Structure formats: C-alpha cells, structure tokens
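So the sequence lines, in the order shown, correspond to chains A and B.
Counted from 1, the first sequence has number 10 at position 10 by this note's numbering; the numbering is strictly sequential.
Here this note's numbering = 1-based position in the second sequence + 1000.
Just so you know, the hints here were simulated from the structure itself, not pulled from any lab data.
If you're wondering where the values come from, they're calculated on a predicted model, not measured in any experiment.
C-beta: ideal position from N, C-alpha, C; glycine also.
A hint or two may mislead.
To be verified - Derived PhoX-like pairs (lysine-lysine); straight-line CA-CA distance at most 25 Å:
id, chain 1, residue 1, chain 2, residue 2
1, B, K1078, B, K1059
2, B, K1069, B, K1058
3, B, K1078, B, K1110
4, B, K1042, B, K1058
5, B, K1078, B, K1057
6, B, K1058, B, K1078
7, A, K71, B, K1098
8, B, K1098, A, K57
9, A, K9, B, K1042
Claimed, not checked - Some, not all, of what chain B presents toward chain A, calculated at C-beta under 10 Å:
id, residue
10, L1002
11, A1032
12, H1034
13, K1042
14, A1046
15, L1047
16, V1049
17, T1087
18, L1089
19, C1090
20, A1096
21, K1098
22, T1100
23, G1102
24, D1103
25, G1104
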Amino acid sequence: NAGVTQTPKFQVLKTGQSMTLQCAQDMNHNSMYWYRQDPGMGLRLIYYSASEGTTDKGEVPNGYNVSRLNKREFSLRLESAAPSQTSVYFCASSEWVGGAANEKLFFGSGTQLSVL
Amino acid sequence: ILNVEQSPQSLHVQEGDSTNFTCSFPSSNFYALHWYRWETAKSPEALFVMTLNGDEKKKGRISATLNTKEGYSYLYIKGSQPEDSATYLCAFRTNAGKSTFGDGTTLTVKP
Chain A
1 NAGVTQTPKF
11 QVLKTGQSMT
21 LQCAQDMNHN
31 SMYWYRQDPG
41 MGLRLIYYSA
51 SEGTTDKGEV
61 PNGYNVSRLN
71 KREFSLRLES
81 AAPSQTSVYF
91 CASSEWVGGA
101 ANEKLFFGSG
111 TQLSVL
Chain B
1001 ILNVEQSPQS
1011 LHVQEGDSTN
1021 FTCSFPSSNF
1031 YALHWYRWET
1041 AKSPEALFVM
1051 TLNGDEKKKG
1061 RISATLNTKE
1071 GYSYLYIKGS
1081 QPEDSATYLC
1091 AFRTNAGKST
1101 FGDGTTLTVK
1111 P
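Based on the sequences and whatever the hints tell you, model everything.
Dropping the structure here:
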C-alpha cells in the first residue's frame, strides 16, 4: 500500500547543479502537488497539476519546473540550484470523488534538499 | 497570496489538559478548510475536511468547528495525551484548486 512515493529522500547539491525530484502515486488521483516546507513556516505550494496534462504555478514557483508525465507521476526540476532552495520538499496527491467534502491531500515522506 | 493564520504558534500543556487553537482565513472564495496532523519525522495526515458554515467534525478526543462567514476554524483536543504532540496545520482551499497552508500550531503534551 505505497500511496505517494518520493525519491530521493535526501540530496545535497552544489550551487548551480540541477536535479529532478520524482513523485509517483498509486491511488489513481487526478491532482498532484509539490510543496516546500521551511523552518517556522507552513507548507508553501510550488506547482500543482489539477489533472494529467495540466500544470499551474503555486505561491513560490520561481526556480522550478514541473512535468506531469502521466496520471501517476509528477516531477519537480531545479535547473540551477540556489542555497535559497534548501528545504524539505513534499509531493502530495488528492481526489475529490464525491465532492469537496471527501477531498484531502495524501503526502509523500518528503525530500530533504541542501544546496551548498 | 492568501493569508491563512494559525495561533498560537506553539503550545505546551500537561497531560489531561484540554486545549484549542485557531485558524483564520479569507471569508471570500471559500471552498473547503482542511486540518492536518503532522508528527515529527512523518508526513502530514488529514484530520478533517470541512465545507459548510457551522460544520462540526469529531474524531475521538479531537473536534473542529467552522465559521466561513467570519473566516475562522477552531480545533479542540479534550484531555490531551503525549501522543497528541504534533504540529497541527490548517489549509484553506479555494475553488481554483489550490490549498494555502497556515504555519501550524505545534503542540507539546507533557506527561
């Protein structure tokens, strides 16, 4: 019963390097999200995908790109990492079958990223 | 950017105490209000999804109320236990599909 799977769990990058965070969900959800969490702050939305084939910017999209590869997978790419992108990244998915009252986010276990 | 505020930022209580915290959100474009529980070294897990003004939800010793007209929700924990120690997040969802999270209230329950 995997739910939402993120890889890698930990990553250290040098400034300017690029990397892709992978996320996959096996719950057949339409919507997927990428959040970042910084100390003392809540989760801030980077990008989201309401359905396969669509992506939209969240609160803090600068420096990131995303790809909704198929219904299961939603990747987050840092093209040129900066120290300000040091954070914990969470992928999430949701489905609102039956309406808003049934919709809730299911989160992956997070990726701890450090940019030196 | 939507303003979702939670208070207090942190709370320390003794085992057996009852406690409550607040989530404030915009009163316009309301679609749903979510509460999540986030234990250290784990991922956030959904507690409640609230959609209607006046909603009250309950799960064991934890309950929540919703006032969409004035833009707030309360989370109550009755008879706190050490295992209730966690950060409690609220998220305001608009009909555009985005959820904006508050910064959370971190609860520590001392035995």
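Proposed proximity, B/K1058 with B/K1042 (alpha carbon, max 25 Å): Holds, at about 23 Å.
Does B/K1110 lie within 25 Å of B/K1078 when you go C-alpha to C-alpha? holds (15 Å)
Are B/A1046 and chain A close enough, Cβ to Cβ, to be under 10 Å, as the hint says? Interface hint status for B/A1046: holds (4 Å vs cutoff 10 Å).
When the nearest CB of chain A is found for B/D1103, is that gap smaller than 10 Å? OK, holds: B/D1103 within 10 Å of chain A, min 4 Å.
A closest beta-carbon separation below 10 Å is what the hint needs, so does B/L1089 meet it against chain A? holds (6 Å)
Residue hint B/L1047, partner chain A, criterion CB-CB below 10 Å: holds (9 Å)
Between B/K1078 and B/K1059, does the CA-CA distance stay at or below 25 Å? Holds. B/K1078 to B/K1059 sits at ~11 Å (cutoff 25 Å).
Hint status (Cβ of B/K1042 to nearest Cβ of chain A, threshold 10 Å): holds (8 Å)
Please check whether B/L1002 passes as an interface residue: C-beta within 10 Å of a C-beta belonging to chain A. Since chain A brings a Cβ to about 9 Å from B/L1002, closer than 10 Å, the hint holds.
Satisfaction of the B/A1032 interface hint, Cβ to chain A closer than 10 Å: holds (5 Å)
Quick one, are B/K1078 and B/K1057 close enough, alpha carbons at most 25 Å? holds (14 Å)
Does B/K1069 pair with B/K1058 here, judged by a C-alpha cut-off of 25 Å? holds (21 Å)
The structure meets every hint from the earlier list without exception.
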